[in-house]
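**Q** Can you build the whole structure from these sequences, using the hints too?
Numbers 1 to 483, taken from this note's numbering, label the letters of the first sequence in order.
Simulated from the structure, these hints should not be mistaken for lab results.
There are no misleading hints in this set.
Derived lysine to any residue pairs resembling SDA-like cross-links, with alpha carbons at most 25 Å apart: (1) K191 - Q89; (2) K481 - P461; (3) K363 - D389; (4) K448 - E473; (5) K142 - L102; (6) K240 - A315; (7) K323 - G293; (8) K474 - R451; (9) K481 - L392; (10) K323 - N376; (11) K270 - N249; (12) K160 - W220; (13) K472 - D426; (14) K349 - H381; (15) K424 - T358; (16) K305 - N38; (17) K416 - S457; (18) K269 - D330; (19) K81 - N6; (20) K160 - E125; (21) K374 - Y335; (22) K63 - G83; (23) K178 - G235.
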Amino acid sequence: MSSENNIRVRFAPSPTGELHIGGLRTALFNYLFAKHNNGTFILRIEDTDRTRFVDQATENIIKTLNTLGLGFDEGPGKDGKVGPYYQSQRLEIYKKYCDQLLEQGNAYYAFETAEELDEMRKLQELEGRQTMYDRRARDLSKDEVDEKIKSGIPYVIRLKVPLNEEIIVHDMVRGNVKFETNLVDDQVLLKSDGFPTYHLANVIDDHLMEISHVIRGEEWMTSVPKHVILYNAFGWEVPKMAHLPLLLNADRTKLSKRQGDVAAEDYIKKGYLKETIINFIALLGWHPGEESGDKEIFSIDELIKLFSVEKVHSAGAVFNIDKLNWMNNDYIKNYDLDKLTELLIPFLKDAGYDTSDTVKTKKIVGATRVYLNKLNEIGDHIKIFFADDAVLEKEEYKDMLITESSKKVFTALAYKIENLSELKADTWKQSLSEVQKETGVKGKVLFKPVRIALTGSEHGPELPAIAEILDKEKVVKFLRKYL
RNA sequence: GGUCCCAUCGACUAAGGGUUAGGUCGUCACUCUUUCACAGUGAAAAUACGGGUUCGAAUCCCGUUGGGACCGCCA
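**A** Here's what the structure looks like:
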């Protein structure tokens, strides 16, 4: 379903590890924007840094995107005539355009070593100046350049930033932003290993891939003038830009490993539902506004319908795990029980529980889902359904179980349950109320010991549900244990 | 330090010249449930500060303060 219009956006991660929550948010907003406008969502892999390349990272990113329902229209394995979508496979293209820049006088060769540049920066810092390339190779003569190249000195190609100009960019989130070119670094465009830097590759690819809107994180804001200079040098139209507010740690610094997990996959693994993740992330830095009222829960389709860049905030947003947990619990409580059970089975198996009895498993899920903030917590709540013995949580509970009234109740109840044709929630209730009448024991004195006898704990799911799941044999056994 | 961005309850946010500044999470209280949880009701809780503009400012402008991002042959 490609574009009838020309809306084309891309998510362009570099394969240096797992998909970060911040990256996921960028991907999501690009996706929502594309789908809302009936445009095209493109995945491009920016693998131009050989030193940070991580094997399988691309596969993982694609997998995570797919798991969360953010499938791309064009990208690796899905050609849309503007590929390849791996930058490492586009080296000749960058080389060609870089040569053009050189010819036009928009770029130049530079021969400093890393050490020399370090020294330069240290000095600048000492003098309290902005650290940036001092443009010392800008005016090397053609002969000097040729000679250095011939003698095998490694070189990079740098952008020749036009001096004394002002660049004004319109950002869809932030409005007009002004930059002085004198403060813009003569960015390296082509590294000494022949690979392009982000800035060169990004601009060329966005143009060649006909990207209409660049939607990316705010950390890119300060490199915008470099990109504009490049677009201008090539004589290309600058795409529309939108810089998204950062996702923040609790201390309001850029979201990073430290405070907790930042890999989207970690959240999936813990059992945050994909609906939750999408819903929650969408509301970080964006809100549909007044028309949607007090609504907090949005399906992906609703998000697509409602999304607009104009409603994106300009301030950073703290990633708040408490609200994520609440939202996940809300989804879990309202999820289709069969589907939820299906999702929970791997977690149950992980926790070492037998899930072969699907009817029982479903009942257990139904009885305990309300406690779950995430699926991997299921193991903490279901021990009682599989134990061969109701181990007392606290030693002193025993006193309650061996009183005269408890014994009376257990005896009567065990007898009734034993003679039930089937132990269900309602037959349990029926039996218990009969016992209440017959023994005259009621209230806390009745219920508490029974609960403890069956589960070993004062707290837990509803007693009738527990009884039904445990079934006759165990219930009777547990009740008679204290006689 | 330089450049750029940002500023409504603790957090996410609504209101975009006129509202008792609204909602959600979290917190607290109460109700319900013979448990916990769920659910329901309610409470505390914010326009950073100072100047303008205006009849009227959270909203527009300026300044201050505070926070953040970037300043790599990383992306």
